[in-house]
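A.B. asks: The chain contents come next:
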Amino acid sequence: MRVTEKTTGKTLAKPNAKTSEVWDLKLYVAGQSPRSLTAFANLKKLCEEHLKGKYRIEVVDLLKNPQLAKGDQILAVPTLVRKLPVPIRKIIGDLSNTERVLVGLDLRPGG
Amino acid sequence: MPKHSKEKGPAVSGLKKCPTGIQGLDEITQGGLPMGRPTLVCGSAGCGKTLLAMEFLVRGAVQFNEPGVFIAFEENAEELSKNVASLGFDLDDLARKKKIVVDYVYVERSEIEETGEYDLEGLFIRLDHAIKSVGAKRVVLDTIESLFSGLSNQNILRAELRRLFRWLKEKGVTAIITGEKGEGTLTRHGLEEYVADCVIMLDHRVTEQISTRRLRVVKYRGSLHGTNEYPFIIDETGFSVLPITSVGLNHKATDERVPTGIPRLDAMLDGKGYYRGSSILVTGTAGTGKTSLALHLVNESCRRGERCLYLASEESAAQIIRNGKSIGIDLSPWVKKGLLHFHVARPTYSGLEMQLVTANKLIREFRPAIAVVDPITGLTNIGTDLEIKAMLLRLIDMLKNSYITTLCTSLTHGVHSLEQTEVAVTSLMDTWLLVRDLEYNGERTRGLYVLKSRGMAHSNQIREFLITDNGIDLTDVYVGQGMVLTGAARKVREMKEEAEASARREETERVKRELERKRLIMEAKINEIRSQYESAEEELLACLKELELKEKGLASDRGVIADMRKADASKDKKETGKKPDRRENR
Numbered sequence: 001m002r003v004t005e006k007t008t009g010k011t012l013a014k015p016n017a018k019t020s021e022v023w024d025l026k027l028y029v030a031g032q033s034p035r036s037l038t039a040f041a042n043l044k045k046l047c048e049e050h051l052k053g054k055y056r057i058e059v060v061d062l063l064k065n066p067q068l069a070k071g072d073q074i075l076a077v078p079t080l081v082r083k084l085p086v087p088i089r090k091i092i093g094d095l096s097n098t099e100r101v102l103v104g105l106d107l108r109p110g111g
Numbered sequence: 001m002p003k004h005s006k007e008k009g010p011a012v013s014g015l016k017k018c019p020t021g022i023q024g025l026d027e028i029t030q031g032g033l034p035m036g037r038p039t040l041v042c043g044s045a046g047c048g049k050t051l052l053a054m055e056f057l058v059r060g061a062v063q064f065n066e067p068g069v070f071i072a073f074e075e076n077a078e079e080l081s082k083n084v085a086s087l088g089f090d091l092d093d094l095a096r097k098k099k100i101v102v103d104y105v106y107v108e109r110s111e112i113e114e115t116g117e118y119d120l121e122g123l124f125i126r127l128d129h130a131i132k133s134v135g136a137k138r139v140v141l142d143t144i145e146s147l148f149s150g151l152s153n154q155n156i157l158r159a160e161l162r163r164l165f166r167w168l169k170e171k172g173v174t175a176i177i178t179g180e181k182g183e184g185t186l187t188r189h190g191l192e193e194y195v196a197d198c199v200i201m202l203d204h205r206v207t208e209q210i211s212t213r214r215l216r217v218v219k220y221r222g223s224l225h226g227t228n229e230y231p232f233i234i235d236e237t238g239f240s241v242l243p244i245t246s247v248g249l250n251h252k253a254t255d256e257r258v259p260t261g262i263p264r265l266d267a268m269l270d271g272k273g274y275y276r277g278s279s280i281l282v283t284g285t286a287g288t289g290k291t292s293l294a295l296h297l298v299n300e301s302c303r304r305g306e307r308c309l310y311l312a313s314e315e316s317a318a319q320i321i322r323n324g325k326s327i328g329i330d331l332s333p334w335v336k337k338g339l340l341h342f343h344v345a346r347p348t349y350s351g352l353e354m355q356l357v358t359a360n361k362l363i364r365e366f367r368p369a370i371a372v373v374d375p376i377t378g379l380t381n382i383g384t385d386l387e388i389k390a391m392l393l394r395l396i397d398m399l400k401n402s403y404i405t406t407l408c409t410s411l412t413h414g415v416h417s418l419e420q421t422e423v424a425v426t427s428l429m430d431t432w433l434l435v436r437d438l439e440y441n442g443e444r445t446r447g448l449y450v451l452k453s454r455g456m457a458h459s460n461q462i463r464e465f466l467i468t469d470n471g472i473d474l475t476d477v478y479v480g481q482g483m484v485l486t487g488a489a490r491k492v493r494e495m496k497e498e499a500e501a502s503a504r505r506e507e508t509e510r511v512k513r514e515l516e517r518k519r520l521i522m523e524a525k526i527n528e529i530r531s532q533y534e535s536a537e538e539e540l541l542a543c544l545k546e547l548e549l550k551e552k553g554l555a556s557d558r559g560v561i562a563d564m565r566k567a568d569a570s571k572d573k574k575e576t577g578k579k580p581d582r583r584e585n586r
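Respectively, the protein sequence lines represent chains A and B. Letter 1 of the first sequence, counting from 1, is numbered 1 in this note's numbering, and no numbers are missing. Letter 552 of the second sequence, counting from 1, is numbered 552 in this note's numbering, and no numbers are missing.
Honestly, the hints are just simulated from the structure, not real lab data. Where a beta carbon is used, it is the ideal one built from N, C-alpha and C, also for glycine. Among the hints, erroneous ones may be present.
Calculated cross-link-like contacts (lysine-lysine; reagent style BS3-like; alpha-carbon spacing at most 30 Å) [what the hints assert, rightly or not]:
#1 K70/A x K98/B
#2 K98/B x K17/B
#3 K64/A x K17/B
#4 K83/A x K17/B
#5 K252/B x K70/A
#6 K64/A x K98/B
#7 K132/B x K70/A
#8 K252/B x K272/B
#9 K337/B x K70/A
#10 K97/B x K64/A
Part of the chain B face toward chain A, derived, beta carbon under 7 Å [what the hints assert, rightly or not]:
#11 E111
#12 R126
#13 A253
#14 D255
Kindly produce the complete structure, drawing on both the sequences and the hints.
C.D. replies: In structure tokens:
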């Protein structure tokens, strides 16, 4: 709960300057539900493991900024959007299935 | 925050309704959709679900000042506004005026990876945001079933949909949710489970290459509603549903009359013509002048300044006008003045119901006093007898309810009995004129009967029906000597009769003259005899006188003699005393 609150709209980790590949991730949540917190925790853990130093997470609370839902076509929450690298990818759910998240983010080939 | 209008409403005054503003739909649903509740509109692809929903929103925003939200799952805002522009809705303008919000929700399965638990709060938030941004009272979700193809977790989806509909109710918005028709179910994904208050089904059927759109209210909790299938059309002014079967038999009846335009026909109909608001059927074989009868009525009515609607399905307006001129009826000024409106369409152009809806629309917009359907038999190509009869029944009821005098022509084919129309509608008609061919002696003439005319004393005689340069003329037929003759035969017969009559007259004259002559002869003879008698009489009288004188003379002579002889000396003294005088006188 505290985490989301603090991280809303903030860059969590600075990407490494030398790698051109910056992972720009947006996590859309609705309030601080347990599911939102789980999703954020799962994402954080995963990024630390696989994308250390070259990712950026922005958490958007739709209850506070409902107009932002339209832009990324958000229906379900939580939704993780990979803005960069292109193409845009969307992963919905609490990100508890790590394998599927990795596939969804193209961090692991195949399904 | 959520309004509880639906909880307050029904407790006291029954279900509150939200008028759709869609022509006819509010009549069927007796006021509109259930206010503050979701309504499911289902149907197969291309049956008009989106348009119905959109019209609901647009009319709400324009007519009832109820802003709306359109959540589109299938088309984006530009596509949508282009599509409905053809119906005369300016969506962009309404969006600018903050009357309508269109939100396009895009769901693409290939772009979405599902990992674990989620809910659709995002959709709720977007919807809530849109509702708040314009203060929406109406919401459309079109087609929410797209979610089923975008998201794979059915359990979550169903739970969320249930929550969504409950949430919509709590919001107090009147919502339309559209759904694709499934196999044997109302919707492919069983949305009817969640939206149980009102279900409207749209249908688009093609029978014998002719398509008909139909609408049915499957269910309407807490309200009466029409249960039939109602045909509807979508045209440049949007939806138009025809609640025909709700038409009752409660039309007004009046004594007011409408002249037929043919004085002699008026005379046959109690001297005054048709009843206003009645239905008139003109049947006859081909080329018997049915249309001409109709044109007379139209011309006469337009002259009085009444509006006429002419529904033609066999001739174009120009052709009808030209043909009218050939019998001395010029309709073009009436068209120019806007008193006469032709609606010409081949019956095969659309289904029966479409024709009905079109007619209904025309009647509503044009408000005619007279309507002509020429011919009703044109419809037989496109439906079964039952359908056509039902359609005509509805049409006639509709016209009667609008207090419109209707003249229908019906073509009878030779194979049928003349007194039977192909579509058995005669029982619906108030006045039935039969124009029939009379073929006799190699000549075809026309005869007109009034087979029936409800509520008036009408002639039961056939009249010969002549189409002249100056219109229709009705003349008496030859009736006599056990036959009825028309046309040249009638003329010949009449001439023959005339000749016979004059011969008879001459004979009579001759006999009269003969009689006179005889009398004269007789009188002459009488005179002759009389004069003979008179001369004889004269002679004889003279003779008689003489004889009398002689007689007298003789007697006196005898007296003198007796005197002289003194036969009666004492007794006849006096007499004898005189006698000598007399004798002396002589």
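A.B. asks: Against this structure, judge whether each hint is valid.
C.D. replies: Now the hints, each set against the structure:
Of the supplied pair hints, the one linking K70/A and K98/B holds, its CA atoms being roughly 17 Å apart against a limit of 30 Å. Taken as a hint, the K98/B and K17/B pair is honoured in the structure, with Cα atoms around 24 Å apart against an allowance of 30 Å. Distance hint between K64/A and K17/B is unfulfilled; the C-alpha atoms sit about 34 Å from each other, more than 30 Å. In summary, the hint linking K83/A to K17/B is not supported, as the alpha carbons are separated by about 46 Å, beyond the 30 Å threshold.
Proposed proximity of K252/B and K70/A is contradicted: the alpha carbons are some 57 Å apart, above 30 Å. Using a Cα cut-off of 30 Å, the hinted pair K64/A and K98/B holds, with the two alpha carbons roughly 22 Å apart. The straight-line distance between the Cα atoms of K132/B and K70/A is roughly 15 Å, inside the 30 Å bound, and the hint therefore holds. Distance restraint check for K252/B and K272/B: the Cα-Cα separation of roughly 19 Å lies within the 30 Å cut-off, and the hinted pair is therefore satisfied.
The hinted pair formed by K337/B and K70/A fails the criterion: a straight-line CA distance of about 55 Å is larger than 30 Å. Of the supplied pair hints, the one linking K97/B and K64/A holds, its CA atoms being roughly 25 Å apart against a limit of 30 Å. Evaluation of the E111/B hint against chain A yields a held restraint, the C-beta minimum of about 5 Å falling below 7 Å. For R126/B, the interface hint holds, since its Cβ comes within 7 Å of a Cβ in chain A; the closest pair sits about 5 Å apart.
With a cut of 7 Å, the hint placing A253/B at the interface with chain A is violated, because the nearest CB-to-CB distance is about 61 Å. The closest approach between the C-beta of D255/B and any C-beta of chain A is roughly 67 Å, which is over the 7 Å cut-off, so the hint fails.
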